[in-house]
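All chains should be built: construct the whole structure from the sequences, respecting the hints.
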Amino acid sequence: MTDPNERLVIRARGLVKHFGHVVALGGTDFDLRAGEILAVIGDNGAGKSTLIKALSGALIPDEGEILLDGAPVRFSSPIDARRQGIETVYQTLAVAPSMTVAENLFLGREPRRAGVLGSVFRMIDKPRMLRESAAHMASLKIDIGSMTQAVETLSGGQRQGVAVARGAAFARHVVIMDEPTAALGVKESAMVLDLIRRVRERGLPVVLISHDMPHVFEIADRIHVQRLGKRAAVLNPKKVSMSEAVAVMTGALPPGNLSDDVRA
Amino acid sequence: MPRLLRLATLGPFLALLGASAFFAFESDRFLTGDNLSLVLQQVMVVGVIAIGQTLVILTAGVDLSCGTVMALGNIVMTKLAAEHGLPAPVAIAAGVGVTTLFGLVNGLLVSRVKLPPFIVTLGTLNIAFALTQIYSASQTIADLPPGLTALGGTFALGGSAMMYGVVMMLALYALAAFGLRETAAGRHVYAVGNDPEAARLSGIATHRVLLGVYVLAGVTYGIAALLFVARTGVGDPQAGQTENLDAITAVVLGGTSLFGGRGAVLGSLIGALIVGVFRNGLTLIGVSSIYQVLITGILVILAVTADQLSRRGTHA
Amino acid sequence: MPHAHPRAAAVVSLAIVALAIVALSGACSAQQQPIFGLITKTETNPFFVKMKEGAQEAAARNGVKLLTGAGKNDGDNASQVTAMENMVTAGAKVILVTVNDARAIVPAIRKARAKGVVVIALDSPADPVSATDALFATDNYLAGTLIGRYARAALGNKPARIATLDLFPGTPVGSQRHNGFLNGFGLADPGRASNQLGAPPEVVCSGDTYGNQARGQTVMENCLQKNPDINVVYTVNEPSAAGAHTALRAAGKDRDVIVVSVDGGCQGIRDVQAGAIAATAQQYPLKMAALGVDAGVAYLKTGTKPTGYTDTGVSLIAARPMAGVESKDVKTGLELCFGKK
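These protein sequence lines are chains A, B and C, in that order. Read in the numbering used here, the first sequence has 21 at position 21, and its numbers run on one by one without any break. Read in the numbering used here, the second sequence has 1156 at position 156, and its numbers run on one by one without any break. Read in the numbering used here, the third sequence has 2220 at position 220, and its numbers run on one by one without any break.
Please note that the accuracy of each hint is not assured.
Unchecked claim - Simulated crosslink set (SDA-like; lysine to any residue; CA at most 25 Å straight-line):
#1 LYS2072(C) / LEU1101(B)
#2 LYS2065(C) / SER2124(C)
#3 LYS2253(C) / SER1027(B)
#4 LYS2111(C) / ILE2035(C)
#5 LYS2340(C) / ALA1088(B)
#6 LYS1114(B) / PHE1259(B)
#7 LYS1114(B) / TYR90(A)
Said to hold, decoys possible - Some but not every residue of chain B turned toward chain C, in silico, with C-beta under 10 Å:
#8 PHE1030
#9 THR1140
#10 THR1232
#11 GLN1238
#12 LEU1284
Rather than coming from a laboratory, the hints here were simulated on the basis of the structure. As the structure is a prediction and not an experimental result, all values here were calculated from the model. Quick reminder that beta carbons are idealized off the backbone N, C-alpha and C, glycines included.
Structure follows, in C-alpha cells:
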C-alpha cells in the first residue's frame, strides 16, 4: 500500500537512552513517512514513551541521530521541537481550563496587534485570535459553538478537539498525539479519530501513541511495534491481525516469524 | 468578550452597592462628597497592596508579607529623608527598592527553589517586621519633607477634596487591569495559576512569570508605603500589621479565586471598598467597631463560598 | 568495622560533655550571682526599652544577673510563656513580666511560682491580679482621671461632645483609662474594676484604634464625619492621638478640639509642646522596673515575698496649666520621658 521510497519526514537511527542502569532505548530506529498516520504500540517498559519524548524534545537521547525532513536535528526542549515544527498533543491536553478556546489555541504564541498598540502597549490581537480559531475549528470540522467559551465548559471530546486543533494549526512537519482517545467514550472517540484523519488530509503526518488496538487498527496506515527498547517490527494493519500485533508487542510472537506481507 | 464588570466582579459590586445603599439610608452623612472622598483615602493603601496581592493570588500563590514589607518601605523612605537628609525622590526610590527586593527574594524562592509561597512569605513577613522594628527603634518618624507627603495633597473635584494618592491608586488599577487583560504577559499569569503544567507545555516560561508577579507585587508595596506616608504624614513602624490580612481579604471579597487562574484585579478594588465602606458606615451609625471585624469575617466566607459554587456550576 | 567508630566517638563525646557540665557548674557555684528575669511585651517599643534600662541598672546596682525576653509583637503570649519557662530552668529566682495576655499567661506563672520563683507583674496586671506575687504599675484609671479633669477644665462651660479613641475590646488598660477619663471629666462611668467602656450621651462617637496611628486617624476621620462638632477627644495612647491630630488638621479643626492622651513618651511630650496634644498622663516604666527589681532583691535578703499593688506614679503633663488641675510642664515631661529625646 505504501511506497517504501516515499519521503521520510522523520528518520531516527540507533537511539539510545539510559536512566541509570536501566536501558530505556537500546538502539531504536524510527521512520515516519509523509502524509501517514503511524501508530506506535508497545507494552509498558518497552521504551514507547521514551521514544516519543525523544522525538518531541522532552528528553535528549544519549546516542543516535534524528533527521527531520532529511536534515539532522537536536531538540533541547519541547519548545525547541515545537519551533522546528513538531507539535505534541499531550495526554493531559495541556489546556488551561478557565481560559477560552481561542486563548488556549494561541497559548504561548498570542498574536500582537499591529502598530503602536502591539509594539509599545503589547496588546494582544483578540479579534484575530477569534477569527483564526474559528477558522481552524471549521477546517477540522470540530463542533464548538463559541471561541469565547471556557474550555472547562466543553465535553471531553471537544476539549481533545481544541488540543488537536492547536497541534494541527501550528505544526509544520509532524503532529504527535499521546493517547488521544484514552479518556473518551465511544461517540467522542469516533469524533476524534475522524479529526485525526482530517489532520492527515491537511498533509500533516501523525504519530499516534495508543493502547487501544481497535482504534489503532481503524485509523493507522502503519504500526510501529516497540519492544525491549528497540523497534521490533513495522506492521501493515490491513494485513496483520490484531492478535498477531499484540503477540509481537508482548514477545509471544518473535518478529522473525512474521511473513513479509504483514510488514509495512 | 469580557466587559468592564464580568460575572466574577458583578457579585462583589452588587454587595458594595447594597452596603452603600444601606448606610446611605441609615445616615445622611454617608453619601456626601466629602465622606466618599474620605472612604477612598482610607482604602488607598490597602487598595494598592491588593493589586500586588491579586497578581500573586492569580498564580495560586499568596503573599503574607505584603503589609510588613510595606511598613519596612515606609520606614526606609522616611528615615532616609527626615534623618539622613536625602532628597525625597531618592528616599522614595530607596524605599520602593527595598520592597521590590523583598519581592525578588519571594519570587526567587518560589519560582527557582520551588518552595510553597505560604511558607516563603511567612518567613519574609517576619524578617520585614523585625527589620522595621530594629531600623526604626519602634519610633515613629515625623517632620517629613514635603516631597514625601506630596501625594497627600488634594484638589477640588465637584465640591469635595480629592487626594492625589487616590488618583494614583485608580491609575494603578487601570494599568493593572489593562496589563492582565490585554497583554500576553497578563494572560500568562492566568495560565500559570490555572494550570502550570499546561502553561509550561505551551511554551510559557512559568518561573519567569512567577518571579515577575512577586517582583511587581513588591513594587506595589513600595508605592503603597509612599501613599501611607502621604496619608498619615509620618513613618510608622506599627504600619502594615492589619494591612497584611486586609489586602488578602480585599482580593478574596473581589472574587479572585485563591486557587489561581480566575478573577479580575478591579474586583480587589471593590473588595477594598467594601471593607472601607463598612468601617466608615458602621462608625457613622454608631455601631461598635468589633462588629466590623465580625461582618468582614462573614463576608469573606460568603465570597469564598460563592467562588466555589460558581466553579462547580461551570463544569460540564 | 564501619560501625564501631561512630559508637566509640559518641561515647567519648558524651563523656566530654558530662565532664564539661560538672566542671562548669562547679565554676558557677563558686560565684553564685542571683538571676532575675525580665519579660516585656515587645523588644523594641521605647516604653519597654526604658523599662529594660531601669531593670538592668537596678540589677547591676544590686549585683544581680538579668535575663531578658519579650514577645514578638503586642499580644504575643506564646513567646512570653517560653521565655518564662526557660528563665525558670536557667535558675531565675525572680521574674518581672509585662503580660501580653493577662489570662493566657497565668498557667505559666503558676508553674513558675510552684517552683518557688517570685513573679512580679509590671505595667499590666495579670488576670486575676493575684496570679502574680505583686504588681508595679501605673494606675491607669488615675491616668484617665487626670486627663479627664484637664479636659473638663479646658473646655470650660461649653457642652461636651466627646470622641473616644479606644484600644480594642477586653483590655483592662484600655477600659481603665477610658472610664477614668469619664470619671475625671465628671461623667458617670462603670468604675475602675469594670472591663466595659462607659458610654454616657456626651460621648458622641467611639472607635478602636489598636493603639496605632493610622487607625487613630481613620477613626477620627469617620467620627468627624458623623459629628463635625466634636470638641474633646480622649485617646488611649499617643500614637493614636497623633493620628487623631492629622485628621483634625485636615478638617481644619485642630485649634478648636482638645485632645488628651496617656503615656508620656518623648514623641508624645513633643506633641504636647507643639500643641497637637493638650495634655497627657505620663507613666514611668523605668520606675516600675527599678522598684520591681528592688522588691525582688529585698525578697532574696529577707525571705519576705513582695505583695500587693504598688502605684508607680503618673503625672499630668500639659503645655498650658488649668486652674484647679495640678500639672507638670513640658520641660519636666521631656526630662522624664521614654524614647528618643
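Do the hints match the structure? See the list:
| no. | hint | result |
| --- | --- | --- |
| 1 | LYS2072(C) / LEU1101(B) | holds (24 Å) |
| 2 | LYS2065(C) / SER2124(C) | holds (24 Å) |
| 3 | LYS2253(C) / SER1027(B) | holds (22 Å) |
| 4 | LYS2111(C) / ILE2035(C) | holds (18 Å) |
| 5 | LYS2340(C) / ALA1088(B) | holds (24 Å) |
| 6 | LYS1114(B) / PHE1259(B) | holds (17 Å) |
| 7 | LYS1114(B) / TYR90(A) | holds (24 Å) |
| 8 | PHE1030 | holds (8 Å) |
| 9 | THR1140 | holds (6 Å) |
| 10 | THR1232 | holds (5 Å) |
| 11 | GLN1238 | holds (4 Å) |
| 12 | LEU1284 | holds (5 Å) |
Going through the hint list in order, the structure satisfies each hint without exception.
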